[in-house]
Amino acid sequence: MTNDLTTTSAIARSDGHWARTRRAVDRFGDFWIFAGQTAWWMLRGSLLPQNWRLLVPQLYEVGYRSLPVILITGAFVGMVLAVQAIEQFRAVGLEERMGAVVNLSVVRELGPVLAGIMLAGRIGGALTAELGTMSVTEQIDALRSMGVNPIRYLVAPRVLACFLLTPTLTLFADFTGALGGWFVSVIQSGIDSGPYWEYTREAVENFDLFSGILKGFFFGAALGLISCYKGFHCRAGAEGVGRACTEAFVTSFIAILILDYVLAVILQQISEHFWGFRSLL
Amino acid sequence: MGDSSHNGPIIELRSVSKRFGPLRVLDQINLSLNLGQTTVVIGESGTGKSVLLKHIVGLLRPDSGEVFFHGKRIDRRSEQELVEIRRHIGFLFQMGALFDSMSVAENIGFPVLEHTKCTQEELDRIIAEKLRMVGLEGLQSRRPSELSGGQRKRVALARAIALDPEVVLYDEPTTGLDPVRADVINELILKLKRELQVTSIVVTHDMASAFKVADRIVMLHKGKFIADGSPEWYKTSDDTDVRRFVDGRAAPQDLEALNVQIEDLTK
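Just so you know, the sequences run in chain order A and B. Residue 221 in numbering that gives the first Met the number 0 sits at position 222 of the first sequence; the count goes up by one each step and never skips. Residue 259 in numbering that gives the first Met the number 0 sits at position 260 of the second sequence; the count goes up by one each step and never skips.
Among the clues, some could well be false.
Said to hold, decoys possible - Partial list, derived from the structure: chain A residues whose beta carbon lies under 10 Å from chain B:
1. V82
2. Q83
3. T132
4. A141
5. L142
Said to hold, decoys possible - Per label pair, the in silico range of CB-to-CB distance:
6. B:K71 - A:G28: 26 to 32 Å
7. A:R52 - B:P21: 43 to 49 Å
8. B:F210 - A:A38: 21 to 27 Å
9. A:G28 - B:M101: 31 to 37 Å
10. B:D123 - A:L47: 22 to 28 Å
11. A:L47 - B:D240: 27 to 33 Å
12. A:G15 - B:E65: 32 to 38 Å
13. B:S140 - A:R52: 55 to 61 Å
14. B:G228 - A:G239: 35 to 41 Å
15. B:C117 - A:Q36: 24 to 30 Å
16. B:R72 - A:Y260: 21 to 27 Å
17. A:Y260 - B:T118: 52 to 58 Å
18. B:S140 - A:F182: 45 to 51 Å
19. B:K190 - A:D25: 22 to 28 Å
Since the hints were derived computationally from the structure, they do not count as laboratory data. Every value quoted in this text rests on a predicted model; they were computed, and no experiment measured them. The beta carbon of each residue, even a glycine, is placed where N, CA and C say it ideally should be.
Okay, chain B solo, but in the shape it has when bound:
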């Protein structure tokens, strides 16, 4: 952003609340992210993890609370005023969200063409470089429909980093992939941090992935953060909700609900 004078957190959310109809998705959320750190947000499906991510780039606006990027408030900015911020943030969507009317090369080149004036040679070089970074050299002319799920996510990641962003937001990067492909994505997240010094936020419910990439893990439960600590802390914590999620065990009330149904059926 050319705003190195600001030394505070790169992204900050102050008591952000968001509701959809009667459903309170985020409830007075506070979060600040430091430069170069990878923060993982964990929590059950439907607890508003993706919603949180979308607030950071202004895809959603908080009902109340404030969002800062490099110390500047962004949650009240118009779409036009957000363009400048969004250039510096890459967003990897859950299903990749590749444009299916375009080839792989056109997808990756798209943000570059929209925001810079570069020649065809430069563009081709950028596309080839980003594809090499995600390990998919030579797939330029493929269509998204011809790619596997894992490849699609990697192309989407190449597109997200096409403009060399300072921050990359990952929305469930390993969901729907087998453990091996998921680990390729984990390695990529670590590689981007190492080589490009990006600040990352990873939303996931995949604990293996969380432990591997995180410097810090925060847990979202019923619209609030209920835990915040290092991966080591999560491994040893004895908080019931945290333990249950980390170990992947159903809550007693969920099990009870299952029992009732089965008893009803056997009556």
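The shape of chain A in the complex, shown without the other chains:
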């Protein structure tokens, strides 16, 4: 009897795994269809002036309202980086080269990644909650019933705003990151300002700045799409909306880290191909 029970429950469990795997694959495919439709409406929508009025409030929300947290994030990243590095550099007597390492790290990696993660939290959560509530209260169905495509009307402007403004905000994070690093190295620790910037200029190429901005575009698209998708497929009730927000943030966070790794590998290859190995020290 017990044997029977264990076999049945084992079958039920394996069936559960199989069903769950299938659902996950379904959802993954569904996400890419959603992404494709959004990309199509982002392109088409940007050619139709009547859609621009949908974009402006999103630009304001994503860009302007996120600026303070992005500036603060950038500044502290630069400062912490400098605080952690300075002792080691002092020990080998290379503290004048601090600028190269701090600024390169900020521009290439930490600026875009932390700006992306900050936005995934701030914007992603808000987008998921907004669209999730709309979905639960049938407002998205109402749009469709009135012959309005919710992807064109709701998703495309939001994803486009994230796509365009994440790189821009990354530049702001880079800027305050550089200031933060300079503040700790030059003002607090008394490193000579001249060589600090001279080594920075030598180390940080336009390509590094470009690669940070390029990452911003990818991160922005990813966090916008994931957050809108999660909002659209939100389950009913306050719990459903809350869970969708959590999932949106966690998924965006992981997507940003994976994208960052993939882009770092590709950009490294390109950099080595054109400029060869670059030594920082």
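Once you have looked at the hints, place chain B on chain A.
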């Protein structure tokens, strides 16, 4: 639709089936609706009445079966191809589904702006006219959050008729309203039929409302229609399931389940 050549039913469902996971919600449903008639769909909560309504505008697609509007098949159309159909159908959602980021005027003007090229004056005139129809003049600048439940449904109705649809679908229009406010909605449904000659489908479990507005009542039970007739027929029918629903009595097996629990508790 400019398709007056078609003389058959305005909406027709042919053996439509729909399931969600293991749950069979609609089971080979057939229904045809004639121009200018108000058809009420009754049935217990969760029997798929709203699901049925959503099939008519393509918000849901049948697993099998066909849906026709003016004799044209619509259940396989893409979202883009459905736009033309949806312009002619107004949908009143259960909770109103007003856009809470917009004012009352913006809500009502929304479908007009999306589908027509009209001037601001024309738009203002349409909004004022529709608000007058639902008896809420002068509320243009209010936000949905500042309205009562009944007002919200009336604004939602004004939005549903903003494009002068041929068909209006009502998803539980009186649910959650007190009897007086519910009757205001009933009167509105009758008024729209009288003044705009709209064809209506009303999904409800409010029998008072059903008797008041219906030309025809169909009853959905376990995914199938079990009764179809005039309001008078329902008043006198002796079918057990119909009687139980119309009179609002619980089924013996439901009562039994309650008894068992209470006996368990007293043990």
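Give me the numbers of the hints this structure contradicts, sorted from smallest to largest. 1, 2, 8, 11, 13, 16 and 19
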